[in-house]
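A.B. asks: Got chain A; can you put chain G with the ligands on it based on the hints?
What follows is the residue order along each chain.
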Amino acid sequence: MTPTALSVNQLHKAYSNGKEALKGVSLSVPEGSFFALLGPNGAGKSTLINIMADTVVPTSGSIEFLGHDMFSERLWCKANIGVVPQEVAFDPFFTPREVLSMVCGLYGQKPDMKWINELLEHLELAEYADKNTRQLSGGMRRRLLVAQALVHRPPLVVLDEPTAGVDVKLRRRLWDYMRELNTSGTTILLTTHYLEEAEELCDHVAIIDRGSVITSSGMEKLLHEVAGSYLWLRYRDGWELGRADAEALSEFNPRMHEGKLCLTLNRMDLQQSTFHHAYESTVQRLGPPLDAGVCEEDLEDVFLRLTHEDTT
Amino acid sequence: MNLRGTWTLFKRETHRFLKVNMQTVAAPALTAILYLIVFRYAMGDRQVPGMEVDYFTFLIPGLAMMTMLQNAFANTSSSIIIGKVMNVHIYLLMAPLSAIEMVVAFLAAAVLRAVIVATVFLLVLTPFVDLSIHHFGLILVYGLCGSIIMGGMGLIGGMWSENFDSMSMVSNFIILPLTFLSGVFYSIKQLPPLWQQVSHFNPFFYLIDGFRHGFLGVGDSDPFLSVGIVAGFALATVLTCWYLWRIGWRLKE
Ligand SMILES: Nc1ncnc2c1ncn2[C@@H]1O[C@H](COP(=O)(O)OP(=O)(O)OP(=O)(O)O)[C@@H](O)[C@H]1O
Ligand SMILES: [Mg+2]
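So the protein lines, in turn, are chains A and G.
Position one of the first sequence corresponds to residue 99 (the numbering used here), numbered consecutively onward.
Position one of the second sequence corresponds to residue 75 (the numbering used here), numbered consecutively onward.
Here chain G stands alone, though its shape is the one from the complex:
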């Protein structure tokens, strides 16, 4: 076990986003304020059908989770793709770290960034919204699993991509639609039955729904049942990353 090596890689990966803290702290704060202006004042006190909450309160946890997911993804994917494009990934390949140590370090940094960003986002909004915490455990589990899944997806996406172009294709054509169609902006009960069914195959739906349940105490699925799905998905992602790193998928010649 190369614990110091793992820790060093983790520090390197956090260093990267902490050095550019405009992106990690200021950007989510600004986004929060924009959401506040646009949704709070445009939607007024409208209620979400079938739930006893107003639309803005409904929106906040989902947006926080979406921000988390996007940041976790961005942290790993940008690191890998920059490494590949600039040819510095070879120093990681040369280092005496096992695949699992690599994956753990990358994912831990992604999770940390996701947590920091979501916290900033929520802290900015707390004065303006009546956000109680219904079940902290749910928030924690879903937040963690979500960041791990997306950090892992970022790793895989980064390994798959040849350049920044193909990387942004993954983010824009796969990740963005999945997060947008996951029920951040609506309750799936508002959808036609067919799309309600389809939504159940979107892993992001469970992530957003469960996370929101942790705050609001209401949701579209049973959050304690969905924990299984989400945790299973997180585990599968980690195992996939581990395997791909082990064989040096698209990293080694």
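Isolated chain A (complex conformation):
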């Protein structure tokens, strides 16, 4: 067992307007992991991250960070976490280089110019290092936020949608850089809506929806155990699944996706017979399809299925 970097216990948050954003969230982030925190808009991801950043006060619950209780040893924890908040904002009086050395100072460290230059270089900001932050584009600002969270070399970096608004090429490089950081020992927790990238790069994943954790495990494990296969059948264009047919096939959780009828086959009991049974039942009821096939669920499918089931 790898030691735990972050362990969230029964965290609740109700905002002053009564909105319950977190309803008892428990999570554990292993040391050295590259952890994706996923969930639809409004799931409570930012709320959780902002509680770690100390800009939101939890209603109840606790967080343990590298053996320190986050709420009673606040300063120690803050000094050892770097947070990239979801909203981008800067002091308009400073240049990126000044921002970075200032943040370094606030964290009690002597600004290390070599490291700052390295960060500016890695995040492709060197050209703008001495220009006013007002002159940066949206994507550059977000990269500067990432640099800001790394400048004091924290062992845990928490990023709330670090790649939102960053163009494809730089997003790729940003991921590579995070991967590199992770390889050199930094634990990374991030939220993103780019599920394919998360699947490819992260080794742990948690999905939360409307304030509750739906699933949390290693990426491999999730894809292996939770992800199933599905059988898809294509009928003529514009074909829709009728209510009565849906009832009749309900054991396969039928749904339309990109014009295809999809039927879930659980991996646990996936045998030839399950497949045949599903296929035969459907054909019996709806007639032969134009085309059909079997696919394995990827992270996006699992995400959609899990967060979808929850709504119905």
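None of these hints come from the bench; they were simulated from the model.
Please read all numbers here as calculations on a predicted model, not as lab measurements.
Heads up, the beta-carbon is just placed ideally off N, CA and C, and yes, glycines get one too.
All the given hints hold, so there is nothing to weed out.
Short, incomplete list of chain A residues facing chain G, as computed with Cβ under 8 Å:
id	residue
1	Val155
2	Ala177
3	Val181
4	Ala187
5	Leu204
6	Tyr205
Negatives, chain A to chain G, calculated, CB over 12 Å:
id	residue
7	Gly165
8	Arg277
9	Leu279
10	Trp330
11	Tyr333
12	His355
13	Leu402
C.D. replies: Structure of chain G with the ligands alone, referenced to chain A:
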């Protein structure tokens, strides 16, 4: 203790007003010249009743103190409210600084600005007015306590305000009347008895009066007794700021 962090925040807060030195140096110099023209020549050699000083000489220390108080207030309040409106205050909340370190850094910067501004103001006026220093200690203590109190008020006001509008409401409807009615422009002995009594409940009255006493050697109250009141008030302000920052009053959700 995060001394470097505190120092960095202090530098950031001074950087803000030093970068706009038109506001911090030129503006008070201009105000001083305007006061000089308006009061010096309009009031002539009129004396303040019950004191052996002419009105202009009486006015200067009070005006200097008022400028100090206003600048101390402006420095903290504008920093906090800009931070809140632009959402950059979250970086302070995230930084590993304790509430007392935050408050100390903010107040130290406010005091520095107040001192710079008052010094510029007085330096511009010294050639035109016979201003002696009666008791430097009093000037120092009152100037310091006054800036701390107003810097603290600015912090609290900034935290309370949601936007620039509510911020200017605090400055215009609370701070401005209190400073104007504190005896900058008159000796409270010129007031009817009831208002003399009321003035004693205005903390700014003690600040202005004690500070002026340091220059002129005369005043409306015993400046050595009032030191207690003023220092107590400064301490209470600091403690309030510390507590409010600690709980993240109107800063955290
Ligand atoms: N300051 C606030 N006051 C009241 N409710 C809030 C506040 N901030 C967030 N919420 C609510 O809390 C819930 C969770 O919001 P949160 O920002 O944590 O979601 P999220 O998972 O980060 O979503 P997104 O993917 O859109 O960033 C939402 O329903 C939101 O409306
Ligand atoms: Mg969010």
